[in-house]
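These are the residues of each chain, in order.
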Amino acid sequence: MLKELLNQDTAPHATNVLVGKLGDVLIRAVGKPFDMAINWGRIYSLWPVHLETACCSVEFGAASSPRYDVERFGIIEAFGSLRQCDLIVVMGTITRKMAPRLRMVYDQMPDPKYVIAMGACAITGGLYFDSYNVLPGIDGILPVDVYVPGCPPRPETLIQGCMLLQEKIKRTKAK
Amino acid sequence: MSSGTEKDVEVKDTTEEHSENITKSDSMSKGEAKKFYEEKGLDLSPDVPVKPKPIPTFEKSLADKISSKFGDKIHVDYVRADRIRATTKREDIVDVAKFIRDELKYDHAESVSGVDYPDSSEIEVIYHLGSYTDEKLGRQIFALATRVPREDIPNPGSDATRTPSLRDVFYSVEFHERECFEMFGVYFEGHPDMRRLLLPEDWADIPPFRKDFKIKGR
Amino acid sequence: MTTQLPPGMHLETVDDKIMTLNVGPQHPGSGHMRLIIKVDGDYIVSCDPDPGYVHRGEEKMAEYRNYIQNIPHLERPVIHDSSNILYPYCLGVEELLGIEVPERAKYIRVIAAELNRCIYILYWLAIYGIFLGHSTMFMWPAGDRELFIDLLEAMSGARVTHAYLVPGGVRNDLPSNFEERCLRQVEYFEKRLKEYEAVFYQNPLLRARTEGSGILSRTDAIRLGTTGSVLRASGVDFDVRKKEPYDVYENLDFQTIVLKEGDSYARSRVPYLEMFESCRIIKDALKKMPKSGSVRTKLKPNPKGGNDEVYRRIESGRGAIGYYIVSNNRPEPYRVKISVGSFRNLICMPYLLKGEKLGNMPAVYWGLNYWPVEADR
Numbered sequence: 001m002l003k004e005l006l007n008q009d010t011a012p013h014a015t016n017v018l019v020g021k022l023g024d025v026l027i028r029a030v031g032k033p034f035d036m037a038i039n040w041g042r043i044y045s046l047w048p049v050h051l052e053t054a055c056c057s058v059e060f061g062a063a064s065s066p067r068y069d070v071e072r073f074g075i076i077e078a079f080g081s082l083r084q085c086d087l088i089v090v091m092g093t094i095t096r097k098m099a100p101r102l103r104m105v106y107d108q109m110p111d112p113k114y115v116i117a118m119g120a121c122a123i124t125g126g127l128y129f130d131s132y133n134v135l136p137g138i139d140g141i142l143p144v145d146v147y148v149p150g151c152p153p154r155p156e157t158l159i160q161g162c163m164l165l166q167e168k169i170k171r172t173k174a175k
Numbered sequence: 001m002s003s004g005t006e007k008d009v010e011v012k013d014t015t016e017e018h019s020e021n022i023t024k025s026d027s028m029s030k031g032e033a034k035k036f037y038e039e040k041g042l043d044l045s046p047d048v049p050v051k052p053k054p055i056p057t058f059e060k061s062l063a064d065k066i067s068s069k070f071g072d073k074i075h076v077d078y079v080r081a082d083r084i085r086a087t088t089k090r091e092d093i094v095d096v097a098k099f100i101r102d103e104l105k106y107d108h109a110e111s112v113s114g115v116d117y118p119d120s121s122e123i124e125v126i127y128h129l130g131s132y133t134d135e136k137l138g139r140q141i142f143a144l145a146t147r148v149p150r151e152d153i154p155n156p157g158s159d160a161t162r163t164p165s166l167r168d169v170f171y172s173v174e175f176h177e178r179e180c181f182e183m184f185g186v187y188f189e190g191h192p193d194m195r196r197l198l199l200p201e202d203w204a205d206i207p208p209f210r211k212d213f214k215i216k217g218r
Numbered sequence: 001m002t003t004q005l006p007p008g009m010h011l012e013t014v015d016d017k018i019m020t021l022n023v024g025p026q027h028p029g030s031g032h033m034r035l036i037i038k039v040d041g042d043y044i045v046s047c048d049p050d051p052g053y054v055h056r057g058e059e060k061m062a063e064y065r066n067y068i069q070n071i072p073h074l075e076r077p078v079i080h081d082s083s084n085i086l087y088p089y090c091l092g093v094e095e096l097l098g099i100e101v102p103e104r105a106k107y108i109r110v111i112a113a114e115l116n117r118c119i120y121i122l123y124w125l126a127i128y129g130i131f132l133g134h135s136t137m138f139m140w141p142a143g144d145r146e147l148f149i150d151l152l153e154a155m156s157g158a159r160v161t162h163a164y165l166v167p168g169g170v171r172n173d174l175p176s177n178f179e180e181r182c183l184r185q186v187e188y189f190e191k192r193l194k195e196y197e198a199v200f201y202q203n204p205l206l207r208a209r210t211e212g213s214g215i216l217s218r219t220d221a222i223r224l225g226t227t228g229s230v231l232r233a234s235g236v237d238f239d240v241r242k243k244e245p246y247d248v249y250e251n252l253d254f255q256t257i258v259l260k261e262g263d264s265y266a267r268s269r270v271p272y273l274e275m276f277e278s279c280r281i282i283k284d285a286l287k288k289m290p291k292s293g294s295v296r297t298k299l300k301p302n303p304k305g306g307n308d309e310v311y312r313r314i315e316s317g318r319g320a321i322g323y324y325i326v327s328n329n330r331p332e333p334y335r336v337k338i339s340v341g342s343f344r345n346l347i348c349m350p351y352l353l354k355g356e357k358l359g360n361m362p363a364v365y366w367g368l369n370y371w372p373v374e375a376d377r
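Protein chains in written order, with this note's numbering: chain A, 1 to 175; chain B, 1 to 218; chain C, 1 to 377.
You may find that some hints are simply not true.
[Unchecked claim] Capping the alpha-carbon separation at 30 Å, the derived lysine-lysine pairs in BS3-like fashion look like this:
| no. | chain 1 | residue 1 | chain 2 | residue 2 |
| --- | --- | --- | --- | --- |
| 1 | B | K98 | C | K354 |
| 2 | A | K173 | A | K3 |
| 3 | B | K105 | C | K300 |
| 4 | C | K242 | B | K53 |
If you are wondering where the hints come from, they were derived from the structure by calculation, not from laboratory data.
Here chain A stands alone, though its shape is the one from the complex:
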């Protein structure tokens, strides 16, 4: 990789590409001990996108209320700008009208990004399994990290799902 950069013919011309490649080289070089440090930084600053898709958003709101207060676990309450977010909590039913928008939102988020499917409707279609306008789960359009079951899930369940996600991030290799 380093050879690639040093060689005159294959070296990238644009500065940002060069910096990106240098970053890759650096991550390779520092290796495993820094993975832990990077992941530790990531798990306590998860910013969810504010995309309400159905009725589970009520319980998501309750999760940041004084009684449950997800902020103490490092998950900040829903945030407006998706360009600065790294977590998307799919709150409930995805209809056929919402599905392209959900994918658009996901595509615009910067890497690394994580997906939590909240509620029975987001997992399998739930109560609306036979409705003509509801997708049977979001697996078809988004790669889901954690499933949080319930209709709607209690805030405690959502908090547990978030902690599972943190556990998962801790164990993955930092990109």
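Chain A is already provided as a structure; the job is to place chains B and C on it using the hints.
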């Protein structure tokens, strides 16, 4: 589409036979059934008790007013406590609605709903009208219904399934009529903005609330 | 070569003066719907609401389930007001099937409905606080709401989706010691509500942003067929609980809140004042409720409605909810139409936002007491 309706009819026939059978077997072992229901603590009275209810006078006077004005053009289906329902032909519906607004003092529409009747090849459009201004009409709902022809292969917007819009009479029907258009394919003539409202933009199937539109696994 | 645009998007010719903004579905101030807003500078020229992002076909699904199976999915449109959205359904089915409801069940239903109204309005108020950048007003109602949720959880066993009201009464009796607990809670809450007045409603910033914006006159409120708090904030005295009392509301002591101004401030204030009335109703109902007795008339299994139709309505937190149920001698309803307050108030949105500043959009939008999931059904 036609096969779908036939199927529907077949299903209905079989269920009717079933219910007949059940009633026969019930009469055979009535004592047993009664005991069973009593043990479970269930009510054995028929589903719908046939009690003749007195026709309320105030509602009757309203219904008389409208039927004396329009005569054959309007048919009063029922007069119950707080509820009146009348059916009219779609050509007359604007005149009737204007009369209801100006003379009977109903001033807004609560809902516009369609009901699909594939057997008689008609779709019914019902306006539920209420009043805020008149003190006496506070608890009244006037259901004004009309019937439009229904086509087996619908082409919303360009087939015969159309009726005059009441948007100029009751302004509040605007979004309700748009919903009725996409869900039943009933085109409202004279409506300024007859677009889709709730369904996805790329919806290419028949209007979903028609009876021949079957949902998954049913 | 043209690129493929996502459905619903059009490239428009560039106009220097008028700009089109898509507010939603991913927007902190929109929720589950989209407003296509055209702005000239800072002023809104036109607004075209685009709902339907949560259209799940409840009415179609209801045609395939019998009268009892319909209960759980019909309360999903407003899970934080689930007793109120089931109320007219239960009344309608009872009228269709000719079921009498025991006296005690009627009182329990009213208590459940009023508790749920408080839960709804507190959630609404919390989001209203967020929309206007008032963080305290998110934390306080969201915290107080949990106390009511605890009460309903004790009654029904579920946190938000109770399915507590059923045709024929309520699902189960009150737990022991409920009356004292409920009374203590309501009395605490009444004291707490008075603090909201000082911290939120007398806040000069809130008043500057909402007073005089989005004015809906009395005639327009009637002409547009609005309902609920929007209607009462414009000076029309109409509440289904007073005009067409269902169950035991005629025996209970409460007032209708009517304000004359018709602006965003009045619309935000009417639900708040209604919570005091809800507390009064709960206290009165607890006093007048029969202390024992049956709470549910049992139905025959798989009951069938006659060849009939019924239209019943109640007053919810967002306005009147009407159910139009048609039956045709089968265990399933032939057609169920839900006429909800949110959908009826949607028509105001283009009307009120025209000529308004873009910054006032969230206050006007959420002041309409609009819950998109309910409007889409």
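Status of each hint after checking the structure:
Straight-line distance between C-alpha atoms of B:K98 and C:K354 comes to about 29 Å, which keeps the hinted pair within the 30 Å bound. Restraint check: the Cα-Cα separation between A:K173 and A:K3 comes to about 24 Å, which is no more than 30 Å; the hinted pair holds. Taken as a hint, the B:K105 and C:K300 pair is broken in the structure, with Cα atoms around 42 Å apart against an allowance of 30 Å. As the CA atoms of C:K242 and B:K53 are separated by approximately 24 Å, the hinted pair is consistent with the 30 Å bound.
Hint compliance for this structure: hint 3 alone is broken.
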